[in-house]
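**Student:** The chain contents come next:
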Amino acid sequence: MSPAPLNPHPDRLLPADPGVRDIARELYQVAAELPIISPHGHVPAEWLADDEPFSDPTSLLLTPDHYTNRMLHSAGGVDLAELGVPVGSEMDEELSRSAFRKLCENWKYLRGTPVQFWFESEFHDVFGVKVRPSAETADEIYDQIAECLTRDEYRPRALYKRFNIEALATTDDPCSDLSAHQKLANDPGWDGRVVPTFRPDAYLEPARPAWRELTSNLAEVTDVDIVDYASHVEAMRVRRRFFKNNGAVSTDHSHADAGTARLSDAQAEQLFQQALGGTITPTDGDALRRHMLNDQARLAVDDGLVMTLHPAVYRNHDTGAQERFGADVGGDVPTAVEFTRALQPMLDAYGNADGFHLVVFTMDETVFSRELAPLAGWYRGMFVGAPWWFIDEADAIMRFRRSVTGYAGFAKTSGFIDDTRAFCSIPARHDVSRRVDSAFLANLVAEHRLAMDEALETIVDLTSTQPKKVFKL
Amino acid sequence: MSPAPLNPHPDRLLPADPGVRDIARELYQVAAELPIISPHGHVPAEWLADDEPFSDPTSLLLTPDHYTNRMLHSAGGVDLAELGVPVGSEMDEELSRSAFRKLCENWKYLRGTPVQFWFESEFHDVFGVKVRPSAETADEIYDQIAECLTRDEYRPRALYKRFNIEALATTDDPCSDLSAHQKLANDPGWDGRVVPTFRPDAYLEPARPAWRELTSNLAEVTDVDIVDYASHVEAMRVRRRFFKNNGAVSTDHSHADAGTARLSDAQAEQLFQQALGGTITPTDGDALRRHMLNDQARLAVDDGLVMTLHPAVYRNHDTGAQERFGADVGGDVPTAVEFTRALQPMLDAYGNADGFHLVVFTMDETVFSRELAPLAGWYRGMFVGAPWWFIDEADAIMRFRRSVTGYAGFAKTSGFIDDTRAFCSIPARHDVSRRVDSAFLANLVAEHRLAMDEALETIVDLTSTQPKKVFKL
Amino acid sequence: MSPAPLNPHPDRLLPADPGVRDIARELYQVAAELPIISPHGHVPAEWLADDEPFSDPTSLLLTPDHYTNRMLHSAGGVDLAELGVPVGSEMDEELSRSAFRKLCENWKYLRGTPVQFWFESEFHDVFGVKVRPSAETADEIYDQIAECLTRDEYRPRALYKRFNIEALATTDDPCSDLSAHQKLANDPGWDGRVVPTFRPDAYLEPARPAWRELTSNLAEVTDVDIVDYASHVEAMRVRRRFFKNNGAVSTDHSHADAGTARLSDAQAEQLFQQALGGTITPTDGDALRRHMLNDQARLAVDDGLVMTLHPAVYRNHDTGAQERFGADVGGDVPTAVEFTRALQPMLDAYGNADGFHLVVFTMDETVFSRELAPLAGWYRGMFVGAPWWFIDEADAIMRFRRSVTGYAGFAKTSGFIDDTRAFCSIPARHDVSRRVDSAFLANLVAEHRLAMDEALETIVDLTSTQPKKVFKL
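Chains as they are written, first to last, in the working numbering: chain A, 12 to 484; chain B, 12 to 484; chain C, 12 to 484.
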């Protein structure tokens, strides 16, 4: 028996009803042509700066993608080490091929998930694969992709162009020298746009063991003598400026909660001294972190960097996996989140300030209609972030639009965020969003809630205008 | 180029599938003919008592509607003062026209929101507007509406009749003399029904600064010497009776939480004395308020007034806006709410009592299937309130039906509540609900979950029978 | 006028769109033929062991079904005593008939609920009823069902076969002698499968008044001298083994929260001694219970029994009903639940252990996408339980699939659970699930997200393969 074909349908994810699908198809055609705006992600800038060929299919497609790793681990019983995790482990042809075979053998477990959609699109559209992954077809597909990777047209920059990317953001440590970004900026042969993102999380958690060393590094890098709270803020200001000067448009923040309550200056100073001395309690560390986050907003009003927030994840839930493979391999689990009270101090102070932009992401869908749409529907600077992580899939994106549009409309949403390390999945991820937005708008048109000319303008807004406006790109 | 037409489609909000739409249309035709029952809202009774012509388009349509104000503020960057906020500010032709122009210029930001639907319906159906609002058409539309308002057929009573309103509730302070209601009752030329609603929130918050003065007023109005907890309850009883004698059918309650826990008599008395003395703490004030709310239910069992609850909103989130424009301009944001434990003391005591009706509203959709449907599915007197505020739009109404029907059916839901100050939007708001209920029922019929004769009876129940039964109208 | 017919449509619950319905019908045909796997429920094993004829329609269909009781109570104002509640009350022809009449008179209140669907299916498919229930048809239907019950083909074993049940689980006290199960096992004329389930809730709540007597019984039944924490665990181990030897495949756990935090051995011992002495506080009782639940997982790793959890219900919310009718008559109401933190200690320790299976159920839908799918999408032994109780109806089942599939796929879900005492409703309950799963998959196929061969395999997995694998049946 010949293997099942892999032939992604041009209408996938568009509504089943023939009349609505016709409308959706017309909208999608417009969206599909637009360049990709990716204001938050994790692709290493070095890839584009160095433009070296990718080494092998697994290192490129599988190892760095914790979505896939998790599914193979939980449903397929695969050990992460068999997939080359952690990134940077030794990788050879044999491991690469056997890891890829794991993916194909367990293909069934991806059914109905976005991972299936992404791989089908990548395999077919990027690498020309024509057969469905399975134990039988694993080697054939592996060989085909491996062969592609030897060709110049599969180097990072060539793919960047082919993917029609207009802007791509990386995520960077505040002390990073951004050398890859500078290399790109100084390369006359490069005409793309890769911007760094200032991610100071670890520097704003004063009760964590690593904080004192980080603060010492920060002092060194900035030449600011960090002896009190004010000098810490100053050091932050300096690095934010450095990032901005190197193209950054936003800062990114993820903590256990979204709190932004201010302390009195005296309290902040007292806790800061305890932090410097290594005696601050976890509870006081949280209080000082909330105060510091509030001050990041103050700095944002000054320097214009967009602020993104995505709190409320239980990190490294599986401590055994963390010990073996390190952080960020997939053992994170969302928790319920609260924004109305948590953001009040910050929004009350800066929410309507000129140029202040705050984009709030959530993995807890309950806040879309209850908190985020009402907040974005009041404060000028506040935007509802599109679903990402855990909920960056078709049904959740549809629920997001259905939950926030009624109250916040389209102009107070962020545009799609791919947030990925899996470079070749970027077009597929954005494609899902464009298809679902087209489907959503098509339903509005079919139910006579929106005129077709309004929908056509809106699909361009959602895909392109809105993310550029929100992220000042 | 001629402006885009404004021509609301007769089938708007009905399902796109042709077969289902046919069923929905048949149901909607029945609903569309029925009079409007509006058991909770904020239209001033004076408008109907005095029947004076409305002064200008903005004062009538825009200034009092915080939905619209919020969208123009958050997405359009409009200052509320430019819209004539707060209600009662000086208004002249120039401000009225320029405010209306702001609405039209920012029309795009209303896409996909209920505000767009409401305005399209009002403009077209009530004022005969035939062009889509925009910067270009703003003055033309303004003039057309302003001209209408000079005519007798646009006076409040004429509109009341034209809107086919059968009953309209206002919301009133317990010390109100209800003079406008009495004027209407004594006016032989008036054959409509405008009923007051007893809203004692501020009188049940003993730790708030205003409470002592309110209590003193209450004592004066009732001639009850409020010296202890029992006399406070007695004063409440007196005013409830006054309201009932003036046509009231319900009392309305909104606090930070839904708690109804009782104190011992001695505790209640002790806290009440502290309240009278101005020394009660906020925490004790909350405890006493929950006890008082529980007693409102006891009074309700006696006098038969329906009790409505809609807790859990963070009021005046933007303190700057509150300082400039006062309360209730739009800076309120919902929070998560809990009902199962909070309502237990009250429901356990009165939930099955003869004639006791409790309608619980929420802006937190998570409680529909988790708490409200199960509670209404057990207690005889408990009803699930339809979505309102923040979630009174098509998609949320559909989610509401899909979340509560499975467990609580149709007979334990309240019927639609418009809750509005925007008089001319009342027909459009009820129309949305009728269309969505028709769509929901049509889907049940199309999926063979309900026979057509059952659906036809149910659409009448939902639109008319049910709200009259629940609110004893 | 002749009464309305009762004629359930073969396509009920399948999607309205003709194209999608064709796909759904093809999938459903496959599912409809498969035997019923019922891994958790409340049908008494004695019914099948003794195979006595059922006495009357009400005792069989109405009295034990708290879904129906609640709706008649809350919407119809029926007193539970009029329905023969509590189970075991005196029942005669007159009460049985009048109770059944209550159901038929209040038929309207069941519209849109699963109760309507179940009764329509049972009445029509099991008893051949052809008229819609109403005051007019009540006696005719009653007589028809009563006549059926006199026939051998309506005895429990005949119905078990007719219902095409492959496995049926009961729920049993740890001290139960499982005599009915043993009788079945020793009956050469019985070739079905009825398995007990170990439900130790009351034995794991050390602060409850009944705990000491239960512990004393447990000691007697196991011959273990329960003098310390270790001997309590040992007694548990003994009874789990006894259950397993009598066919059990799972243990079932329902507490106020899902906590699994461990105490130190010394703390556990200290609290256990307080529990034995009757001096443990409720708070410490909860702490010890969480530790005990954690140890149930440890025992499960050893003996391979599947663990099911369904926490977070406020039991006996209406204390008056509890006093009159006892527990479990319907006065339970869900509360919000938290799993990410609560399950961390247990999952961190055992979540990836060989053979460990944990199925987590919820009545709080918010955790499906936020917590349960992410947890099941990481831990090998963790499965998301299908919606049951309160949310075991078509729309909620559809929401469940739409919420968990994106992240956890199909292979990390449990299969349908009927959880019922209403024996004759079992086929109808499973039928709802099969129809909705068919509809869900048909939509994926119609939107080109899944190939038809994948969907056909998946519908068999969901109906049959998956529940057998998850519950080791």
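Heads up, some of the hints might be wrong.
Intra- or inter-copy, both count: the list cannot distinguish identical chains.
Said to hold, decoys possible - With a cut-off of at most 20 Å between alpha-carbon atoms, the simulated SDA-like pairs for lysine to any residue come out as follows:
(1) K113 - E224
(2) K480 - A347
(3) K119 - K480
(4) K113 - S100
(5) K483 - S190
(6) K483 - E116
(7) K141 - H459
(8) K141 - G30
(9) K194 - P21
(10) K141 - A462
(11) K119 - E63
(12) K255 - F138
(13) K255 - Q127
(14) K113 - W58
(15) K113 - M463
(16) K119 - T330
None of these hints come from the bench; they were simulated from the model.
**Student:** Hints first: check each against the structure and report whether it holds.
**Tutor:** Here is how each hint holds up against the structure:
Taking the shortest alpha-carbon separations for K113 and E224, neither the intra-copy value of 40 Å nor the inter-copy value of 53 Å comes in at or below 20 Å. In this assembly of identical chains, K480 and A347 lie within 20 Å of each other by CA distance neither inside one copy nor across copies; the values are 29 Å within and 31 Å between. Only between protomers do K119 and K480 lie at most 20 Å apart by alpha-carbon distance; the minimum there is 16 Å, versus 40 Å within a single protomer. When the C-alpha separation of K113 and S100 is checked against a cutoff of 20 Å, the pair qualifies only within one copy, where the shortest distance is 18 Å, while the shortest distance between copies is 59 Å.
Taking the shortest Cα distances, K483 and S190 never come within 20 Å of each other, neither inside one copy (23 Å) nor across copies (55 Å). Within a single copy, K483 and E116 get their C-alpha atoms no closer than 44 Å, and across copies no closer than 23 Å, so neither meets the 20 Å cut-off. Within a single copy, K141 and H459 get their C-alpha atoms only as close as 40 Å, which misses the 20 Å cut-off; across copies the closest is 16 Å, which meets it. For the homomeric pair K141 and G30, neither the shortest alpha-carbon distance inside one copy (30 Å) nor that between copies (27 Å) is at most 20 Å.
For a Cα distance limit of 20 Å, the shortest separation of K194 from P21 qualifies neither inside one copy, at 39 Å, nor across copies, at 60 Å. When the C-alpha separation of K141 and A462 is checked against a cutoff of 20 Å, the pair qualifies only between copies, where the shortest distance is 15 Å, while the shortest distance within a copy is 39 Å. Proximity of K119 to E63 under the C-alpha cut-off of 20 Å is found in neither arrangement, the shortest distances being 33 Å within a copy and 46 Å between copies. In this assembly of identical chains, the alpha carbons of K255 and F138 never lie at most 20 Å apart, being 36 Å within a copy and 52 Å across copies at closest.
Within a single copy, K255 and Q127 get their C-alpha atoms no closer than 37 Å, and across copies no closer than 39 Å, so neither meets the 20 Å cut-off. Proximity of K113 to W58 under the C-alpha cut-off of 20 Å is found in neither arrangement, the shortest distances being 26 Å within a copy and 48 Å between copies. For the identical chains of this complex, K113 and M463 are neighbours neither inside a copy (46 Å) nor across copies (24 Å), given an alpha-carbon limit of 20 Å. For a Cα distance limit of 20 Å, the shortest separation of K119 from T330 qualifies neither inside one copy, at 28 Å, nor across copies, at 50 Å.
Of the numbered hints given earlier, the model fails hints 1, 2, 5, 6, 8, 9, 11, 12, 13, 14, 15 and 16; all others are met.
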